[in-house]
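Protein sequences appear in the order of chains A and B. The opening residue of the first sequence carries number 1 in this note's numbering; numbering runs sequentially from there. The opening residue of the second sequence carries number 1001 in this note's numbering; numbering runs sequentially from there.
There's no promise every hint is true.
[Said to hold, decoys possible] List of simulated lysine-lysine pairs, BS3-like, C-alpha gap at most 27 angstroms: (1) B:K1049 / A:K94; (2) A:K125 / B:K1049; (3) A:K94 / A:K38; (4) A:K38 / A:K125; (5) A:K45 / B:K1049; (6) A:K94 / A:K45; (7) A:K125 / B:K1130; (8) B:K1130 / A:K132; (9) A:K85 / A:K45; (10) A:K103 / A:K85; (11) B:K1049 / A:K85; (12) A:K132 / A:K94; (13) B:K1130 / B:K1071; (14) B:K1091 / B:K1071; (15) B:K1130 / A:K38; (16) A:K38 / A:K85; (17) A:K125 / B:K1071; (18) A:K125 / A:K103; (19) A:K103 / A:K38; (20) A:K94 / A:K125; (21) B:K1089 / B:K1071; (22) B:K1049 / A:K132; (23) B:K1091 / A:K45; (24) A:K132 / A:K45; (25) A:K38 / B:K1071; (26) A:K45 / B:K1071; (27) A:K94 / B:K1130; (28) B:K1089 / A:K45; (29) B:K1130 / B:K1049; (30) A:K38 / B:K1049; (31) A:K132 / A:K85; (32) B:K1089 / B:K1130; (33) A:K45 / A:K103.
[As the list claims (entries may be wrong)] Covered, in the sense of this in silico footprint (three residues per stretch, anywhere, with C-beta under 8 angstroms from a C-beta of chain A), are these stretches of chain B: (34) 1020-1032; (35) 1045-1054; (36) 1104-1114; (37) 1117-1126; (38) 1130-1137.
Hints listed in this document are in silico derivations from the structure and should not be mistaken for laboratory results. This structure is a prediction, so every number in the text was calculated from the model and none was measured. No residue lacks a Cβ here, since even glycine has one placed at the ideal position from N, Cα and C.
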Amino acid sequence: MFKTKKKKDMDFEINLLPVISVMAVCICFLLLASVFVKTGVLETKQALGTQAATKAENSLSLWVTIVSDTQLSISAQGMGPDNRKRTISLEQLKEHVEGLRAKNPNLSTALIFPQDRTNYSTLIKTMSILRKAQLRDVGLAPL
Amino acid sequence: MAFKSKKNKNLSAGLTLTSLVDCFSILIVYLLMATAFGENLFEIPEGMKLPRSEHSDQASADVVVQVRGYKYSIDGLEIPMSSLARELKNKASLLSNKESISLVIQADQTSEFSQLNPLVLAGMTAGFHKVQFAVLEEDL
Chain A
1 MFKTKKKKDM DFEINLLPVI SVMAVCICFL LLASVFVKTG VLETKQALGT QAATKAENSL
61 SLWVTIVSDT QLSISAQGMG PDNRKRTISL EQLKEHVEGL RAKNPNLSTA LIFPQDRTNY
121 STLIKTMSIL RKAQLRDVGL APL
Chain B
1001 MAFKSKKNKN LSAGLTLTSL VDCFSILIVY LLMATAFGEN LFEIPEGMKL PRSEHSDQAS
1061 ADVVVQVRGY KYSIDGLEIP MSSLARELKN KASLLSNKES ISLVIQADQT SEFSQLNPLV
1121 LAGMTAGFHK VQFAVLEEDL
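This is chain A alone, in the form it adopts within the complex (with noise of 0.2 angstroms):
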């Protein structure tokens, strides 16, 4: 007899209606109030006409100058050899920035040169890659 009852009493079952609903008021309102497309900025230093800018200007640092979608110009400020323009395609800058930082670790600056027409989605971009590459302060030089 007292082993029936035990044997009963092991058997039960929970009720997973209210979890179930739960969650669904949970997806509902993750669903309604999450936001899937993250936004965020780049930030740019003034590249001209301040004491920093000179500073930059005088010590290592990579000046680029968008030339068109697809194609840079690229010279190392102060790095001797690596002084010269060089033409680039913006596939190539990653390679070049690290090449450049492998052997100065001090550099750290860059200036981006954009023409009047170049596209923003260029400058982003190329910003995106000179952060990427570990360069700390990207400054962008108006027209």
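We have chain A already, so just place chain B on it with the hints.
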């Protein structure tokens, strides 16, 4: 009598809800991981596509300027190019108690730099310490 008991037994059969609860749990965890709560400080206007960037910082916008062609607007109010610097100076003076004030430029990815240049110059003249470009974070 025997027939009645069988019918009663069939009616009391319940659905197995465990798998449904499992699915819901996975869905909730995914939604919690995928969403970004309160990360968007500015609204993206309709028809404007921000450029994508693999690297970006978290936005801390004091003043947001939207650029559409050669038209500039702050808080939905259109500002003529000639009075852009003056307007930004006024905004900056209101925020002068802050250590560093930032200007966020919101423009379509197809814009040209000549459209942004007056704004960059005006921002720097007005005394904004940071000039930032709004971007969409690109997943790596």
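Q: Any hints from earlier that this structure breaks? Give me their numbers in increasing order, please.
A: Of the numbered hints given earlier, those the structure breaks are 11, 16, 19, listed in rising order.
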